[in-house]
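Q: These are the residues of each chain, in order.
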Amino acid sequence: MDAFVNWIGTSSLHDWINLSPWAYPAMEIVHFTGLSILFGSLLVIDLRVAGFANFINMRDAMKFIPLAMLGFSLNLFSGAALFSWSPETFVSNTGFQWKMGLILIAGLNALWFWFGEHTKLVKLADGEQAEPTAKVIAMVSLLLWLAVISVARWMAFL
Amino acid sequence: MDDLCFEPEGFICSIELSGLGQWVTGTSGSLWAYPLVLLIHGIGLMTVLGVVFAFNVRVLGFASNISLSSYDKLFKVAWIAFALNLLSGLILLVGDFGKFITQGSFIVKMALIILGGIMMKVVISSIKSQSGEAKTKLLAGLCLAIWFGAICAGRLMAYL
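Protein sequences appear in the order of chains A and B. Adding 104 to a residue's 1-based position in the first sequence gives its number in my numbering. Adding 5 to a residue's 1-based position in the second sequence gives its number in my numbering.
Among these hints, one or two may not hold up.
Cut-off 27 Å, straight-line C-alpha distance, at most; resulting in silico cross-link-like pairs (DSSO-like, lysine-lysine) [claimed, not checked]:
| hint | chain 1 | residue 1 | chain 2 | residue 2 |
| --- | --- | --- | --- | --- |
| 1 | B | Lys142 | B | Lys78 |
| 2 | A | Lys239 | B | Lys81 |
| 3 | A | Lys239 | A | Lys224 |
| 4 | A | Lys227 | B | Lys78 |
| 5 | B | Lys81 | B | Lys133 |
| 6 | A | Lys167 | A | Lys224 |
| 7 | A | Lys167 | B | Lys126 |
| 8 | B | Lys133 | A | Lys167 |
| 9 | B | Lys142 | B | Lys104 |
| 10 | B | Lys81 | A | Lys167 |
| 11 | B | Lys142 | B | Lys126 |
| 12 | B | Lys78 | B | Lys140 |
| 13 | B | Lys81 | B | Lys140 |
| 14 | B | Lys142 | B | Lys81 |
| 15 | B | Lys104 | B | Lys140 |
| 16 | B | Lys126 | B | Lys78 |
| 17 | A | Lys239 | A | Lys167 |
| 18 | B | Lys104 | A | Lys167 |
| 19 | A | Lys167 | A | Lys227 |
| 20 | B | Lys126 | B | Lys104 |
| 21 | A | Lys239 | B | Lys140 |
| 22 | B | Lys142 | A | Lys167 |
| 23 | A | Lys227 | A | Lys239 |
| 24 | B | Lys104 | A | Lys239 |
| 25 | A | Lys224 | B | Lys133 |
Restraint-style ranges between C-beta atoms, simulated for each label pair [stated by the list, open to error]:
| hint | chain 1 | residue 1 | chain 2 | residue 2 | range |
| --- | --- | --- | --- | --- | --- |
| 26 | B | Gly15 | A | Asp119 | 43 to 49 Å |
| 27 | A | Asp119 | B | Leu65 | 36 to 42 Å |
| 28 | B | Leu25 | A | Gly220 | 56 to 62 Å |
| 29 | A | Gly231 | B | Phe16 | 55 to 61 Å |
| 30 | A | Glu232 | B | Lys142 | 30 to 36 Å |
Hints in this document: simulated from the structure, not taken from any laboratory. This structure is a prediction, so every number in the text was calculated from the model and none was measured. Don't be surprised by glycine CBs; every beta carbon is placed ideally from N, CA and C.
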């Protein structure tokens, strides 16, 4: 962990985000845009799987998975850039620690969804309900991301 | 509190020093008020933008098997989120009224949100009137660009 903090804290990313006056706000804008893309895509996918939008064909809802991953990738990159601004500040921040922990759980939840449920879900007929396990995973996913947004917003206060 | 609040009887001061204004800035002792309102604003923001994004990429031709009318339910979610943001936004505005009403990025953000809302209606009516796919897609692209502009202006409020 210390090695990672040291490495990113002395990287060229660190220099760029600290020296260019536009870099930090620009990366924040990318971070917000990426989150919008990720959260909007998850709304389509998770609301369908959870059973709130059964009028959407499951296979079509699943087309939003690549978009969700695009949003997540944007945020992984912009997040790393923002983090490199001052790694020590972030790792010692309670809000940041919660945020990373919750994203990790959300990631494991997504892996469970992909490997355990996805193949079963795309075989469903139009309008057919997902099985209870998949519904729980979808609800947990939405709740986790709402929690991620919450603790992220609180990083300035915790 | 901002410099524009000179005299307690003045209009700007009277708003910032109102019960609501003192509550949200923590002046009246509620340290959780500001983070709480900001949190509601953040969740509402991501929901509105998420639905705007999911709708417009569909209009642009992505996942075209999904019928456009099936977005009606998502729009309900977005309207609830928008109402939350109008309310939480007004509370945040009251807290530092003098700063916001003279801040360029805030005014641009408000203008872009109004424009973005109108553009959503324009895109929807363009679909309903079947005024040509190319035109509708162009409008959807413009709509996304306007909402992206709103994100930029909103974020830059912390700097400009």
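Q: Against this structure, judge whether each hint is valid.
A: For each hint, the structure was consulted:
The suggested pairing of Lys142/B with Lys78/B holds, with an alpha-carbon distance near 22 Å, which does not exceed 27 Å. A distance of roughly 21 Å separates the Cα atoms of Lys239/A and Lys81/B; the hinted pair therefore holds under the 27 Å criterion. As the CA atoms of Lys239/A and Lys224/A are separated by approximately 13 Å, the hinted pair is consistent with the 27 Å bound. At roughly 24 Å between alpha-carbon atoms, Lys227/A and Lys78/B fall within 27 Å of each other, so this suggested pair holds.
For a cut-off of 27 Å, the pair hint linking Lys81/B to Lys133/B stands: about 18 Å separates their Cα positions. For a cut-off of 27 Å, the pair hint linking Lys167/A to Lys224/A stands: about 15 Å separates their Cα positions. With a C-alpha separation of about 25 Å, the suggested pairing of Lys167/A with Lys126/B holds against the 27 Å cut-off. Between Lys133/B and Lys167/A the CA atoms are separated by roughly 24 Å; this keeps the pair inside 27 Å, and the hint holds.
Only pairs whose Cα atoms come within 27 Å are accepted, and Lys142/B paired with Lys104/B is rejected, the gap being roughly 38 Å. Of the pairs offered as hints, the one joining Lys81/B and Lys167/A holds, with about 22 Å between alpha carbons and a cut-off of 27 Å not exceeded. Between Lys142/B and Lys126/B the alpha-carbon distance is near 14 Å, which keeps this suggested pair within the 27 Å criterion. Under the criterion of a C-alpha separation no larger than 27 Å, the hint pairing Lys78/B with Lys140/B is consistent with the structure, at around 25 Å.
The suggested pairing of Lys81/B with Lys140/B holds, with an alpha-carbon distance near 26 Å, which does not exceed 27 Å. Pair hint Lys142/B plus Lys81/B holds up; C-alpha atoms about 23 Å apart against a cutoff of 27 Å. Taken as a hint, the Lys104/B and Lys140/B pair is broken in the structure, with Cα atoms around 40 Å apart against an allowance of 27 Å. Distance check on the hinted pair: Lys126/B and Lys78/B sit about 15 Å apart at the alpha-carbon level, within 27 Å; holds.
Restraint check: the Cα-Cα separation between Lys239/A and Lys167/A comes to about 18 Å, which is no more than 27 Å; the hinted pair holds. For the given pair, Lys104/B sits about 44 Å from Lys167/A by alpha-carbon distance, which is inconsistent with the 27 Å threshold. As the CA atoms of Lys167/A and Lys227/A are separated by approximately 14 Å, the hinted pair is consistent with the 27 Å bound. The straight-line distance between the Cα atoms of Lys126/B and Lys104/B is roughly 31 Å, outside the 27 Å bound, and the hint therefore fails.
Proposed proximity of Lys239/A and Lys140/B is contradicted: the alpha carbons are some 38 Å apart, above 27 Å. Taken as a hint, the Lys142/B and Lys167/A pair is honoured in the structure, with Cα atoms around 19 Å apart against an allowance of 27 Å. Proposed proximity of Lys227/A and Lys239/A is supported: the alpha carbons are some 16 Å apart, at most 27 Å. For the hint linking Lys104/B to Lys239/A, the alpha-carbon distance of about 46 Å lies beyond 27 Å, and the restraint is violated.
Restraint check: the Cα-Cα separation between Lys224/A and Lys133/B comes to about 35 Å, which exceeds 27 Å; the hinted pair is violated. At about 46 Å, the beta-carbon gap between Gly15/B and Asp119/A stays in the expected band of 43 to 49 Å. One distance hint, 36 to 42 Å for the beta-carbon pair Asp119/A and Leu65/B, holds here, with the actual separation near 38 Å. Separation of Leu25/B from Gly220/A is about 48 Å and departs from the stated range, judged on CB atoms against 56 to 62 Å.
In this structure the supplied range 55 to 61 Å holds for Gly231/A paired with Phe16/B, their Cβ-Cβ distance being about 56 Å. For Glu232/A and Lys142/B, the hinted distance range of 30 to 36 Å is satisfied, since their beta carbons lie about 32 Å from each other.
The structure fails hints 9, 15, 18, 20, 21, 24, 25, 28 (numbered hints given earlier, in ascending order).
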